Amino acid sequence: MGTGQEARRVVTDEAAGHISRVEELSYELKIGDVMTRDVQTLTPDMEMIDALQLLRRHRISGAPVVADGEMIGIISIEDLLRAVDRGGLHAPVRDFMTTQLVTIHWYEPVVKALELFGRASVGRLPVVDENGKMLGMLTKGNITNGTLRALQKDYQEEEVRRYRASHLFQDIISDRTSLILRYRIEPRDFTHGGQASNHIKRALLRLGANAQLARRCGIAIYEAEMNLIIHTTDGGVIWVEIESDHIMMATMDDGPGIPDVALARRPGWSTATAEVREMGFGAGMGLKNIERCVDEMNLESKVGDGTRLDMKIILPPEEMFGDTTPVAANSKG
Amino acid sequence: MRLEEVVTLISGKVLTDASDLQAEIAGGCGADLMSDVLASAQPHAVLLTGLCNPQVVRTAQIADVAAIVFVRDKRPTPDVIELANMEGIPLITSPYGTFELCGRLYQAGLPSLEQRIAHEGGE
Numbered sequence: 030m031g032t033g034q035e036a037r038r039v040v041t042d043e044a045a046g047h048i049s050r051v052e053e054l055s056y057e058l059k060i061g062d063v064m065t066r067d068v069q070t071l072t073p074d075m076e077m078i079d080a081l082q083l084l085r086r087h088r089i090s091g092a093p094v095v096a097d098g099e100m101i102g103i104i105s106i107e108d109l110l111r112a113v114d115r116g117g118l119h120a121p122v123r124d125f126m127t128t129q130l131v132t133i134h135w136y137e138p139v140v141k142a143l144e145l146f147g148r149a150s151v152g153r154l155p156v157v158d159e160n161g162k163m164l165g166m167l168t169k170g171n172i173t174n175g176t177l178r179a180l181q182k183d184y185q186e187e188e189v190r191r192y193r194a195s196h197l198f199q200d201i202i203s204d205r206t207s208l209i210l211r212y213r214i215e216p217r218d219f220t221h222g223g224q225a226s227n228h229i230k231r232a233l234l235r236l237g238a239n240a241q242l243a244r245r246c247g248i249a250i251y252e253a254e255m256n257l258i259i260h261t262t263d264g265g266v267i268w269v270e271i272e273s274d275h276i277m278m279a280t281m282d283d284g285p286g287i288p289d290v291a292l293a294r295r296p297g298w299s300t301a302t303a304e305v306r307e308m309g310f311g312a313g314m315g316l317k318n319i320e321r322c323v324d325e326m327n328l329e330s331k332v333g334d335g336t337r338l339d340m341k342i343i344l345p346p347e348e349m350f351g352d353t354t355p356v357a358a359n360s361k362g
Numbered sequence: 136m137r138l139e140e141v142v143t144l145i146s147g148k149v150l151t152d153a154s155d156l157q158a159e160i161a162g163g164c165g166a167d168l169m170s171d172v173l174a175s176a177q178p179h180a181v182l183l184t185g186l187c188n189p190q191v192v193r194t195a196q197i198a199d200v201a202a203i204v205f206v207r208d209k210r211p212t213p214d215v216i217e218l219a220n221m222e223g224i225p226l227i228t229s230p231y232g233t234f235e236l237c238g239r240l241y242q243a244g245l246p247s248l249e250q251r252i253a254h255e256g257g258e
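For the protein sequence lines, the chains are A and B, in the order given.
When we follow my numbering, the leftmost residue of the first sequence carries the number 30, and every step to the right adds one.
When we follow my numbering, the leftmost residue of the second sequence carries the number 136, and every step to the right adds one.
Please keep in mind that the hints were generated in silico from the structure rather than gathered at the bench.
Quick caveat: nothing in here was measured; it's all calculated off a predicted structure.
Heads up, none of these hints are tricks.
Chain B stretches covered by chain A per the calculated footprint, using a threshold of three residues with CB under 8 Å from any CB of chain A:
#1 173-181
#2 191-204
Part of the chain A face toward chain B, derived, beta carbon under 7 Å:
#3 Gly-223
#4 Ser-226
#5 Arg-244
#6 Tyr-251
#7 Met-308
#8 Gly-309
#9 Phe-310
#10 Ala-312
#11 Met-314
#12 Asn-318
Think of the CB as a built atom: it goes at the ideal place given N, C-alpha and C, for glycine as much as any other residue.
Please model the complete structure; the sequences and the hints are all you need to start from.
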């Protein structure tokens, strides 16, 4: 009988990455979630032939023997074979039943049952409550079905999440629907540098953008985000507005401002410090990269006032958000 | 070429957990400037780099890089590895330098995924 203690195991950081969802489920799912509740029972005075017929009729491989509401034994196919072998098909069930019962509590995790199946070499486990009262039966088949059901539920939940996000623009009716994402970027915060862009890219993918579009927006906003981190006095703001047919992205800061915008746009020109360059940034390619990725770019800056960079990406009809054509038709990324 | 083969060719050590070594690597690119990666790396490339900061992983996520190889036994800090685990981007360290790494992979048939960029003016 389980105590719940043995089933627990220490999950180290290293091992954690190797645990599959199925393994996780074997810890999450309780015996009570997967067991059969509607149990066919036998009485000790029934003949073995009747037990055999009951198992055959219900297509089960074993059943508990109950007397006065108490489970006193269990009959499995093996016991029936023994009875056939000894010509005991008309003998009472009590003569052939297994009385050494291995049971399991309903609140134990499924992994506990898997251990027991392996260790006790039994094919089914009566499931009992805290007082030993039988609540159901558990077979390996129950575990397989329960795990598959749980996996399917996971899958459906993810599908629903994706469906909801990608249909945002279809489900909400207005003259003009848009979704705005805002991020605050701190100056010299290299530790989090690029994080906002990663979030923006993921949001676009979730909204149903194809890989190519998400990548274009990602590259442009990443360069702009790094510019805020590298160059601004007090950081700045990223603002992304997503509409069904275009995406506007902007960064705004309040200084120091760019003295010569034309020079700043020249490839290779950079004011980044050696420290920043060592980190792989400040090569003077940022604005060029942005220009390459977006359909329209506008850079306005005034020394002392700050800088505003606007980027616009126009979505071709087949890539519009909320488009009703099947996903397969526009997944060219 | 599968990531597993890449790791063998470069005597690499995988630093991330549960990395899919059967993942298909379309080609390679080498860069220490993140803008270069964003500008030139085509999707599903293995990136060879000497940089070990979190931005390498974030840049890789943006540029759809399939795996990152650190040259000359460089190793990122645990927080960078954790970030890569979260983003599902395998990190590999190799004892070889960039030139040798490129040579080994190219010779084994891994194509370049470095897109040529037309520079306007300048340079």
